[in-house]
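Novice: Add chain B to chain A, keeping to what the hints say.
Below are the chains, spelled out letter by letter.
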Amino acid sequence: MEKNRAEWLNRQWQSVLSIPRWLQLALIIGFVAVLPPLIGNYWTHVLAYVGIYVLLGIGLNVVVGFAGLLDLGYVAFYAIGAYSYAFLASPKFGIHVPFWAMIPACAALAALGGALLGIPVLRMRGDYLAIVTLGFGEIIRILINNLDALTNGPKGLLRIDPPTIGSFHFATPTHFYYLILAGCLFAVFVTSRLNDSRIGRAWIAMREDQDAAALMGIDILKYKLMAFAIGASFAGVGGIIFAAKMGSIFPDDFSVMVSVNVICLIIIGGIGSIPGVILGAIVLIGVPEVLRAAAIYRMLAFGLLLVLMMIFRPMGILPSARRKLELKKED
Amino acid sequence: MTALLEIRSLTKKFGGLQALTKVDLLIEEKMIAGLIGPNGAGKTTLFNAITGVYAPEEGSILFLGKQIIGKKRHEITAVGIARTFQNIRLFPSMSTAENVLVGHHCQMQAGVWGAVSRNRKTRQEEAIAERKVMELLRFVGLEGQEDQLARNLPYGDQRRLEIARALAVEPKLLLLDEPTAGMNPQETLALTRFVSRIRDELGLSILLIEHDMRVVMGISDRVTVLDHGIRIAEGPPEAIQKDPRVIEAYLGRPSERVRKRSRPPHLNP
Chain A
0 MEKNRAEWLN
10 RQWQSVLSIP
20 RWLQLALIIG
30 FVAVLPPLIG
40 NYWTHVLAYV
50 GIYVLLGIGL
60 NVVVGFAGLL
70 DLGYVAFYAI
80 GAYSYAFLAS
90 PKFGIHVPFW
100 AMIPACAALA
110 ALGGALLGIP
120 VLRMRGDYLA
130 IVTLGFGEII
140 RILINNLDAL
150 TNGPKGLLRI
160 DPPTIGSFHF
170 ATPTHFYYLI
180 LAGCLFAVFV
190 TSRLNDSRIG
200 RAWIAMREDQ
210 DAAALMGIDI
220 LKYKLMAFAI
230 GASFAGVGGI
240 IFAAKMGSIF
250 PDDFSVMVSV
260 NVICLIIIGG
270 IGSIPGVILG
280 AIVLIGVPEV
290 LRAAAIYRML
300 AFGLLLVLMM
310 IFRPMGILPS
320 ARRKLELKKE
330 D
Chain B
0 MTALLEIRSL
10 TKKFGGLQAL
20 TKVDLLIEEK
30 MIAGLIGPNG
40 AGKTTLFNAI
50 TGVYAPEEGS
60 ILFLGKQIIG
70 KKRHEITAVG
80 IARTFQNIRL
90 FPSMSTAENV
100 LVGHHCQMQA
110 GVWGAVSRNR
120 KTRQEEAIAE
130 RKVMELLRFV
140 GLEGQEDQLA
150 RNLPYGDQRR
160 LEIARALAVE
170 PKLLLLDEPT
180 AGMNPQETLA
190 LTRFVSRIRD
200 ELGLSILLIE
210 HDMRVVMGIS
220 DRVTVLDHGI
230 RIAEGPPEAI
240 QKDPRVIEAY
250 LGRPSERVRK
260 RSRPPHLNP
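Which chain is which? The protein sequence lines are A and B, in order. Using numbering that gives the first Met the number 0, you'd call the opening residue of the first sequence number 0 and step up by one each time. Using numbering that gives the first Met the number 0, you'd call the opening residue of the second sequence number 0 and step up by one each time.
Chain A on its own, in the form it takes in the complex:
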């Protein structure tokens, strides 16, 4: 009886897998798209927050997962995106550039920041790179905190313009939910195309054996810079959406914990795997919201979860096929 049931479940699962991939995707997107009216304002707000982390996770996954560069200062690019928009679309300087024009601008500024950080540090490997990027993230936050004339310091920048389309103003959590969903879909599309291309192959080769990759004709510095810049640009987009959604931003929104959370959700979800990153964001950002009552135990639970993951499932919940194999090697 038990066995029959297991077989039946397995058959069902196989038939789910045999649905064409585009249809699977369409069903998932359709499901996510109809959620807001069903779950109400509060949960839509929570999911939108999760969505921003999905966007950040997908961006950092390019750097950490695809190219294998441990970047602990990712929040810096998020801050660059958010503050760039706040400078140019708030009463602070009386400038009001439209949100839609600022999206590519913030992506480009963050990418530039990524490249500028990249040039001096990309000759470093592993731990050294992690420490320097960690420092860079803190420098940006401390600058924001202290450049009062520009950023209002800890008082933050207020009354940031919401996005508008004609006379329509983005205001409710539902509006932002769809904006963030669109951003995430775009990010998933771009990064999965990149992963499955000449560039993606160069990144993997570089991660596996940097010297052999260079001798196969891959310009290591260029591809590292490219990973840094592309990863950073998604953080820039995340930052502008965050600023527009919150309407006000403060230095504390860009603490090192943001970088840590994003790294954690990538590791828990499955490094290098896009579905893994999405699931990781839901687990790591969404679940604590659900468990608000136990908020003081949150860090404890985080730590415990990471330790347990490393022991029992080091490849993450939904690992990429390749990483699964890479980790098997060490067994």
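Keep in mind that the hints were calculated from the coordinates and are not lab data. Incorrect hints may have been included.
Straight-line alpha carbon distances no greater than 16 Å define the calculated EDC-like cross-link-like pairs of lysine to aspartate or glutamate that follow [said to hold, decoys possible]:
#	chain 1	residue 1	chain 2	residue 2
1	B	K171	B	E5
2	B	K71	A	D210
3	A	K221	B	E74
4	B	K70	B	E57
5	B	K21	B	D226
Note that this is a predicted model, so its numbers are computed, not measured.
Specialist: Positioned in the frame of chain A, the structure of chain B alone reads:
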């Protein structure tokens, strides 16, 4: 015949160690050149100098008449020099086909826009690359293994895959660093034949580091002998085999050998 690679008085030091001293080497088109010498003679150092891994202190390396010292590793690969490694360095968790595709990197162009938009140019390029990969895998005898992970291949196949990956660069000069290391006599014989086939069918030049004398002498047009970083002999295989300096480098001086045999050192008063 014209000179493909011309190395003149190349010197490389590691601190106080003189790894290469004024080494000369000339490789012509469609030539198989053997590079031999005892352990630590500087053979792999010479490979690393040619491919831009080490920067030599003195001398010049001309490839098709152009200086390549000072160029970066990937730039040297792009002008047409590909290599394999003494201890196999494949990308272990990439598939066989992907490994070869990485070798084809320089022959492709897709940038970020091409990769994301997957436009016609990119699709064409990928299709051509895929055909090329299949062709090369067939050539080295790995057809049907496209989806195997590199690290799951048997040792001999990994050596072949490394050669396929280097050939995907579409080089004019192929550097093989001990391709028969760790192989049994049959495998060695097969690989030796295969190296000749590469030259004959693809028309490229090969510089070969090899320990197995029969291999080197059997297929090389010219042999260069290094000892302690110095080129001690150069010429056709028959002449090298008889060269007293080469015999000395490998076996020691005749008088030394006689003395050692007659009175072991630990019995010396």
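Novice: Next pair to validate is A/K221 with B/E74; report whether the Cα-Cα distance is within 16 Å.
Specialist: 12 Å, holds
Novice: Just to be careful, I want the Cα atoms of B/K70 and B/E57 compared with a cutoff of 16 Å; is the pair within it?
Specialist: The given pair, whose Cα atoms are some 15 Å apart, holds under the 16 Å limit.
Novice: Checking one constraint from the list: CA of B/K71 to CA of A/D210, max 16 Å. Satisfied?
Specialist: At roughly 12 Å apart (the allowed maximum being 16 Å), A/D210 and B/K71 satisfy the hint.
Novice: Given the hinted pair B/K21 and B/D226, is their Cα-Cα distance within 16 Å?
Specialist: Cα-Cα ~12 Å, so holds.
Novice: Decide if the proposed pair is consistent with the structure: B/K171 and B/E5, CA atoms, cutoff 16 Å inclusive.
Specialist: With Cα atoms ~14 Å apart, B/K171 and B/E5 stay inside 16 Å; holds.
Going down the numbered hints, you'll see the structure goes against none, and every one checks out.
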